[in-house]
Amino acid sequence: MIRFDNTSKRYPGGHDALSQVNFFIPPGQMAFLTGHSGAGKSTLLKLIALLERPTRGQVFVNNQNLARISRTRIPYFRRKIGIIFQDHQLLFDRTVFDNVALPLIIAGSPRREVGKRVRAALDKVGLLNKEKVYPITLSGGEQQRVGIARAVVNKPALLLADEPTGNLDPELSREIMHIFEDFSQVGVTVLVATHDLDMISRMPYRQLTLKAARLVGDTDPVETEASA
Amino acid sequence: MSRHNLKTRGHVLLMRHLQVFFYSIGQLSRSPFSLFMTSAVIGIALALPTSLHILLKNAQQLSSGWDGAAQISVFLKESVSEQQVQALQKYLRKQKEIAEVTYISRQQALEEFKAQSGFGDALKALKSNPLPSVLIVQPALAHSEPLQTEALLEKIRKDKRVEIAQLDMQWVKRLYAIMDIVRRGVVVLAALLALAVLLVVGNTIRLAIQNRRDEIVVMKLIGGTDAFIRRPFLYTGFWYGILGAMLAFFMVTLALLLLSGPVERLTALYQNSFELTRLDFSTSLTLMISGIALGLIGSWLAVGRHLREIEPA
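Protein chains in written order, with our numbering: chain A, 101 to 328; chain B, 101 to 413.
Worth flagging that the hints you see were computed from the coordinates, not collected in a lab. Possibly wrong hints are sitting among the right ones.
Below, in silico cross-link-like pairs of lysine-lysine (DSS-like), each with a Cα-Cα straight-line distance of 30 Å or less [claimed, not checked]:
{"#": "1", "chain 1": "B", "residue 1": "K258", "chain 2": "B", "residue 2": "K177"}
{"#": "2", "chain 1": "A", "residue 1": "K216", "chain 2": "B", "residue 2": "K107"}
{"#": "3", "chain 1": "A", "residue 1": "K255", "chain 2": "B", "residue 2": "K107"}
{"#": "4", "chain 1": "B", "residue 1": "K260", "chain 2": "B", "residue 2": "K194"}
{"#": "5", "chain 1": "A", "residue 1": "K180", "chain 2": "B", "residue 2": "K107"}
{"#": "6", "chain 1": "A", "residue 1": "K180", "chain 2": "A", "residue 2": "K224"}
{"#": "7", "chain 1": "B", "residue 1": "K258", "chain 2": "B", "residue 2": "K194"}
{"#": "8", "chain 1": "A", "residue 1": "K255", "chain 2": "A", "residue 2": "K180"}
{"#": "9", "chain 1": "B", "residue 1": "K157", "chain 2": "B", "residue 2": "K273"}
Quantities reported herein were computed from a predicted structural model and do not represent experimental measurements.
Only chain A is shown next, with the shape it has when bound in the complex (with noise of 0.2 Å):
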């Protein structure tokens, strides 16, 4: 599902985010990418969502060399990505219905579908009695579960979370790691950018690590078992 061949990262002034970075994520998986601030993490994320060109290497997603999309193909691109955001990037002056509803809008779907999809997003989550409430109104967790629906809402085969327990206590972040379980379960491509090392130690998934740009660490628990 994402590859990437020989990556490098360069921001103008010199300062290398990301260096020769080669890895695959098959369709289906989840990962979690680690590392400490600064290690590259976001950048990755970046690279993947178009947000950033990488200097050097190359990019694929779903078999697409990212090179090859032209910036006006950008949108339609991110459409088929969901992204989860540490701050939530949520919009505060509409509901919630309205923030999770925001994908479909953009992408034209009827009137019915988008009533239908949003609140199966929402009852995804488990704020299905909040769609009418403004974001300002709801908790951390919750806004950061409305972030969740909104990504989902139009089925992506791919999702990508930078930091997304960043602000939550520890118990809010099982909940949100259990969110995104129960959606690699059912064949989306997960990966989770965090510092949590303490949580995501005790889940059985694969784990990129970056070191000052360098993916130093590839540990995945299921083939080590395979192979024990």
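Starting from the structure of chain A, add chain B where the hints point.
Below, chain B alone, put in the same frame as chain A:
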């Protein structure tokens, strides 16, 4: 199949436009004061050239009567007798270029002068009547072109009985020349004010874009195309334009209403019944279309410049 698809797509696009159409007016109505302020500025800018245009139109209408009224005053020689005058009058009346000939005898002229000038007593001191006989020649409408009247004038001048023949049209020509300048001035002013409207709309939209920067970032993050993001701002410009044009319409109508009373009184003093032209349909339509076009162009320019600068990072 593809035809059906096309139909659905067209329908979806129409629905989206309708959504944004109402959404943008909803957004604007949340801050009615600033909406009114901006529209009022646009309205005043549009009202100025519109009212000047209407005034010009009125002046034209008022003076159009004078065009045909270009008369030739024929002053006869003192030696010409009453019979000769009658003969000349008859002769002139037969000419096809001439519609009407009025004779003002020396005696009539003196009476009129006495009555109107206020020199009545002073004139009594004169031994003889110093005023000549006058024939007022009214050219026929079909022959009232400036060149034709010139020719007629030449013809009359050649007559031996005529002392001086004068075309009373010089001042009409001058008035037309002045009106031509004013008309040109209105065009220049309209162009300048149109530019002002563009800047006002552009600046307002620029501020709107800045205020909704976060929203634009989110839209871009979740796959909003430039066209999608641009649309509400274009509709906002549209609303500013049309509201400005409507305000301009009311301002000009009100101004004309206020002017109509005094103008009628003034024209009545000139024994002239003249009704002030209101905003006619074509001018109103032009006003509306200009307002909408300026609103759209202004917002298009602002959006084109500023939307690209906002990229999620």
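Do the hints match the structure? See the list:
1. B:K258 <-> B:K177: 13 Å, holds
2. A:K216 <-> B:K107: 23 Å, holds
3. A:K255 <-> B:K107: 25 Å, holds
4. B:K260 <-> B:K194: Answer holds: K260 of chain B to K194 of chain B is near 18 Å, not above 30 Å.
5. A:K180 <-> B:K107: 24 Å, holds
6. A:K180 <-> A:K224: With a Cα-Cα distance of about 19 Å, the restraint between K180 of chain A and K224 of chain A holds, given a limit of 30 Å.
7. B:K258 <-> B:K194: Holds: K258 of chain B and K194 of chain B sit about 17 Å apart, inside 30 Å.
8. A:K255 <-> A:K180: 8 Å, holds
9. B:K157 <-> B:K273: 17 Å, holds
In this structure, none of the earlier numbered hints is contradicted; all agree with it.
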